[in-house]
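Residue numbers (UniProt numbering), protein chains in the order written: chain A, 1 to 209; chain B, 1 to 209.
These are computed hints drawn from the structure, not numbers from a lab.
Fair warning: this is a prediction, and the values are worked out from it, not measured in the lab.
Note that beta-carbon positions come from the ideal geometry of N, C-alpha and C, so glycine has one too.
Rough simulated footprint, nothing fancy, chain A against chain B, three-plus residues with beta-carbon under 8 Å: (1) 24-34; (2) 116-123; (3) 127-138; (4) 162-172; (5) 183-192; (6) 199-206.
So you can see what is in the structure, the chains are spelled out below.
Number of protein chains: 2
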Amino acid sequence: MCDNGLVPKVVDHEGRRAELAVALWRVALRDGFDAVTVRSVAEESAWSAGALRHYFPDKTTMVLFAIDFVVESVRRRIGDANAAAGALTPQLVQDHLEQFLPLDDERRLESEAWFALVTLAHRDPAAAERRTQVDDLIRGAVESAVAALEELGALGAGRTRAAETAGLHALLDGMVLQLLARPPRLSPEQARDMLVRHLAELRASGPGV
Amino acid sequence: MCDNGLVPKVVDHEGRRAELAVALWRVALRDGFDAVTVRSVAEESAWSAGALRHYFPDKTTMVLFAIDFVVESVRRRIGDANAAAGALTPQLVQDHLEQFLPLDDERRLESEAWFALVTLAHRDPAAAERRTQVDDLIRGAVESAVAALEELGALGAGRTRAAETAGLHALLDGMVLQLLARPPRLSPEQARDMLVRHLAELRASGPGV
DNA sequence: TTGATTATGACACGCCTGTGTCAAAAAAAC
DNA sequence: GTTTTTTTGACACAGGCGTGTCATAATCAA
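Please construct the entire structure, taking both the sequences and the accompanying hints into account.
Here it is in structure tokens:
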């Protein structure tokens with residue numbers, strides 16, 4: 001393309017995409033996910049609608065990128081926390097699991113993104129596949145939390161890692177849903193309490209032992 | 001209007017509305033809730049789009065009616081089961097709670113309706129109010145289940161009705177979400193097991209006792 | 001049969017959507 | 001300044017949406 005040595009204007013495509021993703025989530029959180037259109041994101045980001053097409057071939061790609069963008073930030077945060085973690089303690093496990101609950105603005109955005117993905121997955125096969133990946137990510141984090149409890153000797157007799165992971169995962173999903181509801185059906189304090197109680201529960205022997 | 005004693009043609013409005021609601025859910029289950037439009041419901045019900053306006057002033061009213069239609073059928077089914085119930089047993093409590101899980105086609109429709117309501121409530125205040133009512137209905141049913149366990153002496157020491165109700169409600173919501181996922185993250189058998197285990201858990205003493 | 005009254009549904013209007021097109025602006029090497 | 005390439009964004013198009021309008025069909029008492 002540049003056989004003659006001329007160098008064209010270059011822009012940071014990835015950076016621009018990230019900027020657009022942020023604008024998209026601003027719209028989604030303010031006006032609801034259905035208000036996310038090519039035009040609304042364009043206006044929010046102060047660019048023209050046509051310009052968006054130079055970074056995303058279509059709307060679906062844009063939305064999925066925005067979702068991946070958030071998922072990646074969650075992954076990074078969790079990774080950082082793991083790296084910075086000192087001695088394994090029950091409190092650490094609790095903190096680890098709380099990363100998936102919308103207990104502050106940052107995590108509320110992430111939970112909203114998760115919910116948007118769940119909704120989207122209901123009609124779009126591509127989004128459904130993405131949802132499975134995200135669910136696997138959460139499932140893995142929950143499983144490692146349960147494994148940590150086991151290592152700490154905080155997993156009661158008669159409890160299997162698989163069963164407790166599945167149960168805890170379902171509980172977390174439900175809690176997110178109720179924390180996200182407007183008006184909220186669960187306060188952050190109640191949610192934390194619920195998690196504390198559940199982890200304490202896992203300390204005792206399982207049912208039928 | 002009928003001063004001269006003439007009686008115009010009469011139709012069963014409520015029956016027609018019910019028929020349209022059924023058609024709406026057929027569309028929603030087959031093509032996704034976003035495929036529900038005035039035109040698609042009209043085609044599904046083999047009526048003209050304009051005809052629908054004679055039974056619902058607008059689309060929102062139609063959708064909310066369809067949701068209420070399902071909620072009412074749930075309420076009726078639960079009420080019938082309660083009336084027909086014999087002696088209070090743990091199995092009865094289990095059955096009662098399973099009514100809220102999408103374990104067969106009928107209850108899958110109901111759960112889909114619930115999920116559609118949750119989604120809708122995210123953007124529409126009227127739907128949000130409806131969602132609160134439905135959540136209260138579920139919450140009440142869960143609470144009465146916990147109360148039944150207490151009566152049966154199947155609620156361990158150190159467990160409060162409020163806390164266990166909230167926890168069980170969140171767990172159920174999460175289970176529904178995972179049962180509804182495609183591909184399902186939870187099989188009906190796993191879901192039933194999870195519920196059995198949770199109820200058995202409630203039999204034991206609570207954490208910290 | 002007739003006439004009053006409602007039920008019905010075809011049609012069109014305006015809006016918003018995603019998405020192509022294409023001329024103009026911008027940037028960097030010469 | 002000139003030239004070449006990429007970036008940019010205004011514009012238009014087709015399609016689907018919710019929702020009004022209004023002539024026609026259907027119904028039943030007289």
